[in-house]
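*Asks:* Here is how the chains run, residue by residue.
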Amino acid sequence: MSDFFVSAQIYLPILLKGMWLTISVTLLSLALATALGLVWALFRTSGVRWLSISTRIVVEFVRGIPILVVLFYIYFVMPEFGLDLTAFQAGVAGLALTYSCYIGETFRAGIEAVDRGQVEAAKSIGMKTPLMMRRVVLPQAFRIVVPPYANNMVMLLKDSSQVSVISVAELTMQGKMLASSTFDNMTVFTLVALLYLCLTVPLNFAMRYVEVKMGQAR
Amino acid sequence: MIKLENVHKSFGDHEVLKGVHAEIDKGQVVCLIGPSGSGKSTLLRCINGLETYQAGRISIDDETVDVTAPSIHDLRTRVSMVFQRFNLFPHRTAIENVMEGPRYVLKQGKAEVREKAERLLTRVGLADKLNSYPAALSGGQQQRVAIARALAMEPEAILFDEPTSALDPEMVGEVLQVMRALAEEHMTMLVVTHEILFAREVADRVLFLDGGRIVEEGAADEVLRQPKNERTQDFLRRVTHPV
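Quick note, the sequences are listed as chains Y and B, same order.
Terminal number for the first sequence in UniProt numbering: 218, no gaps in between.
Terminal number for the second sequence in UniProt numbering: 243, no gaps in between.
The set of hints was computed from the structure by calculation and includes no laboratory data.
Heads up, some of the hints might be wrong.
[What the hints assert, rightly or not] Here are the simulated lysine-lysine pairs, BS3-like style, with alpha carbons at most 25 Å apart:
hint : chain 1 : residue 1 : chain 2 : residue 2
1    : Y       : K128      : B       : K110
2    : B       : K3        : B       : K18
3    : Y       : K17       : Y       : K176
4    : B       : K116      : Y       : K128
5    : B       : K110      : B       : K26
6    : B       : K26       : B       : K3
7    : B       : K129      : B       : K116
8    : Y       : K17       : Y       : K158
9    : Y       : K176      : Y       : K158
10   : B       : K129      : B       : K110
11   : B       : K129      : Y       : K213
12   : B       : K107      : Y       : K128
With the rest of the complex left out, here is chain B (with noise of 0.2 Å):
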């Protein structure tokens, strides 16, 4: 569903990705894991086009993504976002969040977008705060909401952006909680994560990018409990035993 195909991306003459190549089918959780720095985020942001990319091809269904085109606007209602910092808009509450875009870009009924995303505020358990600020949520609750604003556009996929690194310890489970349920009822998701336990059990294939290149990939179990390559041995000791 996702394609990426030979990608290159260089920040002035910082080269980030070095020619990514990566497939994603639909109804597939895939992770993406590798040292900071490696081009995680920046590749991640190519694909809702966030950034512009120098050379090659990234595709969504077949259509190519490609900032400058018109039809970015309607491959980002089709390919969801949820960020690392929530992002949520801090001018409204839980619900008028979810409830934005379904109502100003998709233009459906109110009526019928406020009890969807009273549905969806319900399912990632914020129920009981449809009407709070994001500033009187905790950051779980708020990348809860980020998530019910995301699925609110009823995407085909779903890019999670290292969505539990800005969040305090206690509040890691209940993200994860979220997004396995969505793993579990087939959404395709790519997420960019250090969460190696999360990725172990839900992701169905991972990528390891390094220095701008995906150096290792294949189903998780394998990469994660016998990586061949030398380097994903180093990231994933250096992540599962930090002392």
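If we strip away everything but chain Y, and leave its shape as in the complex, we get (with noise of 0.2 Å):
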């Protein structure tokens, strides 16, 4: 045991920098994903027709493909179509874009849930629509959405380790090169599964906190 903490005193320089790189490809890619995804959802439920179908049609692509392929795709594909991305952006669009559509139709299902009444309620009040979007709408739908969302964000925190496979050096990634470098994969993988639980636990409390938070205020 006694080996275990010193080995992990060498190790773990190294492996907190992976750390913060795993922390900027999440953080950047949650909020892309954010962003595109609120696009996706506004647009699935705007009631323009070609609009909608068109959304849907790359949100089903881009589900139905692997995150890996999706990486692989941008990385090593794109740079032919004259799209040359460093690794970490690419590891950052890859993971964005898959997650926009998750999320997006996360985004989608809780606005969808808003009660019919409530769109009645405000358009009767001469409201337009990005009124009342933005009024009435979305902050009911955001509150449906927090425990769904928060779901999305650990998986994400998760997933980026996938990127390690187009060489962005995160988390994942040290690991593997400290262990196959050091033999000691006990000591490594274990500091690695640690250190994803230091981020993934305080996460989903953070998460139940907002939960309750909001609930209260109905």
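Hey, can you piece these two chains together into the complex? The hints should help.
*Replies:* This is how it looks when you write it as structure tokens:
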């Protein structure tokens, strides 16, 4: 056991570097995926047929492809079309694109779960669609969406390990490299798992807190 | 003020309104009664542009109600609506519900709107509930907030869609009282209701809608006491003597 702590002290600084990259990849792709997801959801619920159908096609298409393949595609194939991204950029783009579809569907479900009477009440006091969305529908949809959105967030954090396949040196990648050079698989991967938990567990608690807080305002 | 000319409305193959003619003058209280499924609510919703209609014309002071026209938003600020299920915004307090329209649609100043909202909520007897969320209010209280929300738009007319049907019986009175006070101030009102007593006392005119047509109309006293149409007679008998 004391061996574990001795080795851990040596490995941790390297792994923390990877963890930092994991956090950056996650936060960046989460921000992009959320913004894009909101756009998808608004398109899907716009009532404009061609917009909603073409969005649906894009969403179904992207959701049907494994993240790994999306990442390979963006990193290895897109340069042929002149889009030459660094591994980090490609990783963020791939995660953001894939998760925008999951998050978009979550938002859409939230918007559709808002009672129709709310829309009618908003219209009946003369609100136009953008104002109604901003003041009436989205604030209520937001509450509905917190638990599934938090779920998406945690999944995104864990899926950020996938960008290691295109050589982004995030936590999992650092662990793999460290393990293959030290052969100390147990210590390294235990530390990697613990570091992920250090991120996901507080995240879950934070979301529970937000959920409870918002429940009180009803 | 509100004019309906040969209004037709179908949901798919099902024709709900089959040529409705009616006119509501300024300052009049008109009650719209009729069996369920006769198209009362649909008619009201067409006037507010919440439903489209396929033929005929609905106009408010000669301006046509057309859901696809940009003028619809403006028309809705001039004719308010009170719903059966209140439809208060659950994420906003009573006073915020009332302030929402004047503040964000009419873009009036905050202090002015707040003062108006307080005045209106006091008028409907809710001066002590300004900061309560709808979930903390009874059905009757919620409906009174909804009426204050409609009044805050300073509308030329208010449409009431069965405003007391979703209430527990002991709360019906408090809502009808507010409506009666409005009628006494000559607010133009079109009320879909099953409260025949209220209609008899408060309405200037009564329209009886059956099978998508107005089959009888006239002074409230006349239609409700001595209905001429057989179906009106039958309906009133069933409503007033349910057992």
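*Asks:* Take the hints in turn and mark each one as holding or not.
*Replies:* Hints and how they fare:
With a C-alpha separation of about 20 Å, the suggested pairing of K128 (chain Y) with K110 (chain B) holds against the 25 Å cut-off. Our distance criterion of 25 Å between C-alpha atoms is met by K3 (chain B) and K18 (chain B), whose separation comes to about 16 Å. Between K17 (chain Y) and K176 (chain Y), the direct Cα distance comes to roughly 14 Å. Compliance with the 25 Å bound is thereby established for this hinted pair. This hinted pair checks out: K116 (chain B) and K128 (chain Y) have alpha carbons roughly 23 Å apart, not beyond 25 Å.
A hinted pair counts as satisfied when its Cα atoms are at most 25 Å apart, and K110 (chain B) with K26 (chain B) does not qualify at roughly 30 Å. Restraint check: the Cα-Cα separation between K26 (chain B) and K3 (chain B) comes to about 11 Å, which is no more than 25 Å; the hinted pair holds. A distance of roughly 15 Å separates the Cα atoms of K129 (chain B) and K116 (chain B); the hinted pair therefore holds under the 25 Å criterion. The straight-line distance between the Cα atoms of K17 (chain Y) and K158 (chain Y) is roughly 17 Å, inside the 25 Å bound, and the hint therefore holds.
Distance restraint check for K176 (chain Y) and K158 (chain Y): the Cα-Cα separation of roughly 16 Å lies within the 25 Å cut-off, and the hinted pair is therefore satisfied. Taking the CA atoms of K129 (chain B) and K110 (chain B), the gap is about 19 Å. The hint holds against a cut of 25 Å. In summary, the hint linking K129 (chain B) to K213 (chain Y) is supported, as the alpha carbons are separated by about 22 Å, within the 25 Å threshold. Only pairs whose Cα atoms come within 25 Å are accepted, and K107 (chain B) paired with K128 (chain Y) is accepted, the gap being roughly 13 Å.
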